Amino acid sequence: MRKSILLLALLLPARAPGLAAQTEYYARLGAVGASNLLRDVIISEITVRQSIAPMLALGGSIPIGPMGYRAGVEGTFASGKYHSSENGARTDLGTLRTGTLLVGVQGPITRQVRWRAGLGAIHYWSSDKQGIFLSGGTTRFLVGAGLDYRRALLRAWDLMGSVGYDFHRFTTEELRTRGFAQNQSVSRIAVSVGLARRTR
Amino acid sequence: MTPRHRWMTLAFALLALACGDIASPLRTDVYEWRLFEPSVTGTDTISFHWPQDRLPVRVWVEDASDLPADISQAITTWRGEFLYHEFDAAVVSDSSSADVIVRAGPSPGPKLSRIRLHSALAPQCSGETDVDISDDHRDLRLPIRIYVDPKSDPGAPGLAECVALTSMHEFGHSLGIFRHSPTPTDLMYTDPTVSQPSQRDRNTAEVLYHLPSTVQVVGP
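In the order they appear, the protein sequences are chains S and D.
With positions in the first sequence counted from 1, the corresponding number in this note's numbering is that position plus 101.
With positions in the second sequence counted from 1, the corresponding number in this note's numbering is that position plus 1.
In short, the hints are calculated from the structure, not lab data.
These figures come from a predicted structure and were not determined experimentally.
Glycine is no exception: its CB is placed at the ideal position from the N, C-alpha and C atoms.
You may find that some hints are simply not true.
Stated by the list, open to error - What follows is a set of in silico ranges between Cβ atoms, one per label pair, in the way DEER data are often shown:
1. D/Thr3 / S/Ala246: 24 to 32 Å
2. S/Ala132 / D/Thr191: 49 to 57 Å
3. D/Asp137 / S/Lys182: 35 to 43 Å
Said to hold, decoys possible - Quick look at which bits of chain S chain D covers, simulated, 3 or more residues with Cβ under 8 Å:
4. 139 to 147
5. 226 to 234
6. 282 to 295
Based on the provided sequences and hints, a complete structural model is requested.
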């Protein structure tokens, strides 16, 4: 999976000359919010969650058919605080960074709105090697989908707005070592705006 | 099984997988960490852990017998036992503002000690932790004092290991584990032989930090 993602990421810049004019690139800034990373019970329930974090998304796509379908790759990076909550009391656990890489397809819904869906991976880095990240970060498989809205802004650039959803199953080496079984379902929603290089 | 049933089974399996939560381990294997002190009405139970607003706990260490390195290792180890930043400590240079004072040598006379936890009765060294709790059992007066006594000559066989193990054990008392484990394979056993906290030590520390303290800290 990782090889496929890397291959596509490398092929986009090194595309065939005929595809040059049809290759799209985009960059967006926004925010991402996630559901609980962890539910634990020692005496009462403890949850761990990443706060809403600023996010940068970079991506590109190439056409794969006459019906407006495209294949693309998108990477995102987000950095924000994460905290635990128990009986209404919050404890700051430090800074948590996430990076994602998704390979997917996209297609038209209307002239200005497109859908996209993809598979990839998410990686977590914590600022401190402690707590649930005592044994280091973790990489998990990721599935995602979203809607992109584009509107002409400049001669060669579109304004791009995007809403995305992705899902993965979270755990860390430290949690496995401590006897946590299975994984936690984590859903994330991202909203972002940016610029896309127009090809039509 | 028809193809339709097969697809439905697969869909339900995926749905169950997607909705499932992580399953946390049980922390039921713990030992008694609380003190039971006589009171006017009978027996009073004393439980203590450092509150979040006192973290990191300030620790002053006497520069003798490898104690600074051993206590730094003890801080790192005990901090690593917790998942949710329940405990943290830092070494400070000024003993007058310390929450925990660690000294090399034997403990002074009993006048300085309200409750003394004797530990680590190995031949090469010994350790003690003094906790000063008010008569009404409401306050824990800081600092907590740890004494690690290298009984033998410097360089004696096994001394360095004994001091390291005793530092780790006594620091466990300063966290709030005020009693000893009855199990020899635990670090908080009276005369420990293991150098790291066991699963039971970890469980006990985790449970202790998620129950309310019965005393409040008073001090610098």
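Item to check | Unsatisfied constraints (hint numbers, rising) | outcome: none
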